[in-house]
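Start from chain V and add chain F according to the hints.
Chains V and F are the protein sequences, given in the same order.
Following the working numbering, the numbering of the first sequence begins with 1 at its first residue and continues without gaps.
Following the working numbering, the numbering of the second sequence begins with 1 at its first residue and continues without gaps.
It is worth saying that the hints were derived from the structure and are not from the lab.
Any given hint could turn out to be false.
[Said to hold, decoys possible] DSSO-like mimics (lysine-lysine), calculated; alpha carbons at most 27 Å apart, straight line:
hint	chain 1	residue 1	chain 2	residue 2
1	F	K155	V	K34
2	V	K33	F	K183
3	V	K168	F	K128
4	F	K188	V	K34
5	V	K34	F	K128
6	F	K183	V	K34
7	F	K165	F	K271
8	F	K240	F	K226
9	V	K168	F	K155
10	V	K33	F	K155
11	F	K43	F	K155
[Claimed, not checked] Rough simulated footprint, nothing fancy, chain F against chain V, three-plus residues with beta-carbon under 8 Å:
hint	region
12	74-81
13	90-96
14	156-170
[What the hints assert, rightly or not] Okay, the calculated bits of chain F under chain V, using three or more residues with CB under 8 Å as the criterion:
hint	region
15	3-17
16	21-28
17	121-130
Even for Gly, the Cβ is constructed at its ideal location relative to N, Cα and C.
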Amino acid sequence: MTDLLAIFIGMALINNFVLVKFLGLCPFFGVSKKLTNAFSMSMAVTFVMLMASAVTWPITHYILIPLDAEYLRTVVYILVIATLVQIIELFIMRTNYSLYSAFGIYLALITTNCAVMGVTLVNTDEGFTFVESMVSALGAGTGFGLVLVLMSGIRERLEISQLPDSMKGLPVAFLVAALMGLAFSGFAGMV
Amino acid sequence: MDLLITIVLIAAIGLLCGLAIYIVYISVPHKVPGLKKIDEINKLLPGMNCGACGYAGCFAFAQQVVNNPQLAASASCPVLLGDSHVVKQLEVALGVTIDADAMSKKAMVRCTGASEQVFEYTGIPSCKAAILIARGFKRCPFACLGMGDCERVCKYDAITIDPEKRTAHIDYVKCTGCGLCAKECPQKLIEMVPGRTTIAFRCNYPELKNIPGRERCENACIHCRKCFKACRYEAISWKKEQAVPEFHPEKCTLCGECIEVCPNRTLEFFKPGFGK
Numbered sequence: 001m002t003d004l005l006a007i008f009i010g011m012a013l014i015n016n017f018v019l020v021k022f023l024g025l026c027p028f029f030g031v032s033k034k035l036t037n038a039f040s041m042s043m044a045v046t047f048v049m050l051m052a053s054a055v056t057w058p059i060t061h062y063i064l065i066p067l068d069a070e071y072l073r074t075v076v077y078i079l080v081i082a083t084l085v086q087i088i089e090l091f092i093m094r095t096n097y098s099l100y101s102a103f104g105i106y107l108a109l110i111t112t113n114c115a116v117m118g119v120t121l122v123n124t125d126e127g128f129t130f131v132e133s134m135v136s137a138l139g140a141g142t143g144f145g146l147v148l149v150l151m152s153g154i155r156e157r158l159e160i161s162q163l164p165d166s167m168k169g170l171p172v173a174f175l176v177a178a179l180m181g182l183a184f185s186g187f188a189g190m191v
Numbered sequence: 001m002d003l004l005i006t007i008v009l010i011a012a013i014g015l016l017c018g019l020a021i022y023i024v025y026i027s028v029p030h031k032v033p034g035l036k037k038i039d040e041i042n043k044l045l046p047g048m049n050c051g052a053c054g055y056a057g058c059f060a061f062a063q064q065v066v067n068n069p070q071l072a073a074s075a076s077c078p079v080l081l082g083d084s085h086v087v088k089q090l091e092v093a094l095g096v097t098i099d100a101d102a103m104s105k106k107a108m109v110r111c112t113g114a115s116e117q118v119f120e121y122t123g124i125p126s127c128k129a130a131i132l133i134a135r136g137f138k139r140c141p142f143a144c145l146g147m148g149d150c151e152r153v154c155k156y157d158a159i160t161i162d163p164e165k166r167t168a169h170i171d172y173v174k175c176t177g178c179g180l181c182a183k184e185c186p187q188k189l190i191e192m193v194p195g196r197t198t199i200a201f202r203c204n205y206p207e208l209k210n211i212p213g214r215e216r217c218e219n220a221c222i223h224c225r226k227c228f229k230a231c232r233y234e235a236i237s238w239k240k241e242q243a244v245p246e247f248h249p250e251k252c253t254l255c256g257e258c259i260e261v262c263p264n265r266t267l268e269f270f271k272p273g274f275g276k
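Excised from the complex, chain F in its bound form:
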C-alpha cells in the first residue's frame, strides 16, 4: 500500500510540475520582440563582453543594435571592426553600411620606457600602487612603469611586459581596439589612435618647459621640430604653443623621413611589429 502511494504521489507531482511548466510556456505571451534577431546578432559579436562599445556586454549591444540599426554605423563594436568578413555579415543582417576603416582603433603606448630607473620598487606589483611613491620609480614622471596593469586587463593577450625596460608592449595585430587598457593605465599613457594612423609619436611628456629628467630619457621628444621641417607632404603640423607635433595620416606617404631625422628615435612607423 505504501509503495503504491509513493508511486502515485511522485507520478502525480511530476505530471503536475510538467503541466505547470507547459501552461506557463503557452500562456505567458512572447513579449520580447526580435529575440531571434538579437540572438543572431549576438552570435556575430566576439562574446568577450569587454564593454568597449559602451554597453554592459555583447548581448546588451546586440539588443541596442537591433532596436536602432544606425547605431552600428556610428558607434560600433571596435573589436568586430578588425574582421571584414564579420562586418559584412553584420551589414547584411542589419541593413546598414559600416565604414570599418574610419571607426577602427588601436591602442598605442605613448612611451618607450627608456627613462632611467632611479630606485628599486618592491611594493605591490601594480602601476596604480607604484605611481603613489614619488610618481613612479623612473626619472620621468610620465613614464610607463611596466608593472602590468594593462596586461592583466587585456582580454585578447595583446599586451606583453618587457621586464628589462619595464615597459608595456602592445601587439599591433592582436590589439582589437577595445580600449580596456587605456582606461586602466594610471599614467594615461595608452592612447586609442585611429586605425589609419601611420606614425607613432612615443613620448608622453606634456609640457614645453624642460623639467629635469627629460634629457635623461634616450627616446624623449626634445622639441627640435626636425620632423616638422623634414616632412615635404605637410603631413606633420606643429603649432608654436603645442608640445607635440600633430600628424595627418591622410597626407602621409610613409616615406619615413621624419623618422630618420628624429634625433632621439621618438617617432616610429605604426604598423605590425611596431615597438619591438
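Here chain V stands alone, though its shape is the one from the complex:
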C-alpha cells in the first residue's frame, strides 16, 4: 500500500509530467486559457491514460517480452493507443451522446498526446505490475490535471491584469510555467 502511495505521489508531484518531465506541453499552453476547458481536458487525459496503461501492460508482458521484441514498444504503443481512443470515441458517441459532446474535441486530440505515451513507457521502464501501472497512470493524470487547472486559474487572472503588450498571452504564460516548475522542483526527493 505504501508502495502504491509512493508511486502515486511520485507521478503526480515529484515527477510531474508537465513541469518536471516536460510532457504534454501542447495542452498545457493550448487548453489552459479557461478553467472549465482545462478541467475537462485533464479529466479526458486521465481517463485515456488509465485505459492506455490497462491495454499496453498485457501487450508488453504477454507479446513483446516473450518474443524478445521490446524495442518495438514505441511503435506498438502508438498504434494501440490510437486504436483505443478511436474505439472509446465511437463507443461513447453511440451510447452516451451527452458525454461525447462534453468530451468534444479533446478526446480525439489526446490520441497523439505525448503524456499518454509517456505514462505507458514509464510503466514499462520501471517494470511496474498491472496494479502499479494503473496507480501510476492515475497519478500522472492527477498531476497533469492539477498543473493544468492551476495554470488556467493563473491565466484567467492574468487576462485582466495590466501587462506590457509584448508580454500578453503566451510570453507571460511561459514565465508563469517556469515559476511553477521551480515550485514543483521543491518536491524532489520527497519520497
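For chain F alone, kept in the frame of chain V given last:
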C-alpha cells in the same frame, strides 16, 4: 529472423487494431436517433456558441430543437432570426413557422455617455473594476464608463468604444441580439429591446428625484414629459409614478416629433446608424 518477427508482429497488431475498430463499429448499436437531422440543423446555426438561446452551444440547441420542433417557434436562436433566408430553411427542416420579427432583439445602450468625467481612473481597464471606486468616474452613477467589457465579450464585432466620450456604441446592423453584452455590463445599461422598437430612450437614471449629477449630463432625461405631450398617435404613454416614458412601436408612425421636442436629445430614432 528478427526482421521477420518485427514485420509479422507489427502487421498482426495493426490488423488486430483495425479489426477491433471494425467490430466495435458494426456491433455497437446506433443509439443516437436523428443524429443526421441534428447535424443538418446544426449546419444552419451560426456556430458561434454564444449561448443566447439558453443552451450550451449551437449543437446543444440543435439537439433540443430536433426533439421538440416547437421550441424554435417560441425561444429560437436570436442570431439566426436576423437572416430571413436561414429562417426559411429552418422552417422547412423542422416543419414549424417562425415569426422572426416578433422574436428578434437588438441590444441598445441606454446611455449616451455624455455625463461629465469627475476624476481620472487609472486602474484595471474594466468597467467591473472601475465601478467599485465611487460608482465610476463619471458624475452620473448610472453612466456608461466605456472601459470595453461589452466590446470584449461581443462575438460579432458589433460594439465599439468611443475613447473620447468614454461610451460604448453598438452597431445596429451588426448586432444579432445574442444578449452577451447585456449580461456583461455591470451597470445593467444594455437593454435587449424588441427588433420592432422605433424610438430609443437613452437615459438610465431610474429615479424621479433629482439627485445631483443629472442636470450636468447634457443628454439626461429631465422628466419634462414633452415627448408624451407631443405624440399625436398615443405611441408614448407616461404614468405619473414612472420615471421614464413607455413606447408603443406598433402605433409609432416615425414622425419624429418627440425627438424634436426633447430638450436634451435623450430620444433618438432606433435604426441603422443609430447612436453615431
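Here is how each hint holds up against the structure:
Simply put, K155 (chain F) and K34 (chain V) have alpha-carbon atoms about 17 Å apart, close enough for the 27 Å limit, and the pair holds. The suggested pairing of K33 (chain V) with K183 (chain F) holds, with an alpha-carbon distance near 21 Å, which does not exceed 27 Å. Restraint check for K168 (chain V) and K128 (chain F): satisfied, since their Cα atoms lie roughly 21 Å apart, inside the 27 Å limit. Note on K188 (chain F) and K34 (chain V): the hinted pairing holds, with a Cα-Cα distance of about 25 Å set against a maximum of 27 Å.
Distance restraint check for K34 (chain V) and K128 (chain F): the Cα-Cα separation of roughly 19 Å lies within the 27 Å cut-off, and the hinted pair is therefore satisfied. Pair hint K183 (chain F) plus K34 (chain V) holds up; C-alpha atoms about 19 Å apart against a cutoff of 27 Å. Note on K165 (chain F) and K271 (chain F): the hinted pairing holds, with a Cα-Cα distance of about 21 Å set against a maximum of 27 Å. As the CA atoms of K240 (chain F) and K226 (chain F) are separated by approximately 14 Å, the hinted pair is consistent with the 27 Å bound.
Restraint check: the Cα-Cα separation between K168 (chain V) and K155 (chain F) comes to about 21 Å, which is no more than 27 Å; the hinted pair holds. The hinted pair formed by K33 (chain V) and K155 (chain F) meets the criterion: a straight-line CA distance of about 17 Å does not exceed 27 Å. Of the supplied pair hints, the one linking K43 (chain F) and K155 (chain F) holds, its CA atoms being roughly 18 Å apart against a limit of 27 Å. Counting residues of the region 74-81 of chain V whose C-beta sits closer than 8 Å to any C-beta of chain F gives 4, which meets the bar of three, so the coverage hint holds.
With 5 residues carrying a beta carbon less than 8 Å from a beta carbon of chain F, the region 90-96 of chain V meets the three-residue requirement, and the given coverage holds. Counting residues of the region 156-170 of chain V whose beta carbon lies closer than 8 Å to any beta carbon of chain F gives 3, which reaches the threshold of three, so the coverage claim holds. Beta-carbon proximity to chain V at under 8 Å applies to 7 residues in the region 3-17 of chain F; the threshold of 3 is reached and the given coverage holds. With 4 residues having a Cβ less than 8 Å from any Cβ of chain V, the region 21-28 of chain F passes the three-residue criterion, so the hint holds.
Coverage of the region 121-130 of chain F by chain V holds. Counting CB-CB distances below 8 Å, 4 residues qualify, and the rule asks for three or more.
The structure fails none of the hints (numbered hints given earlier).
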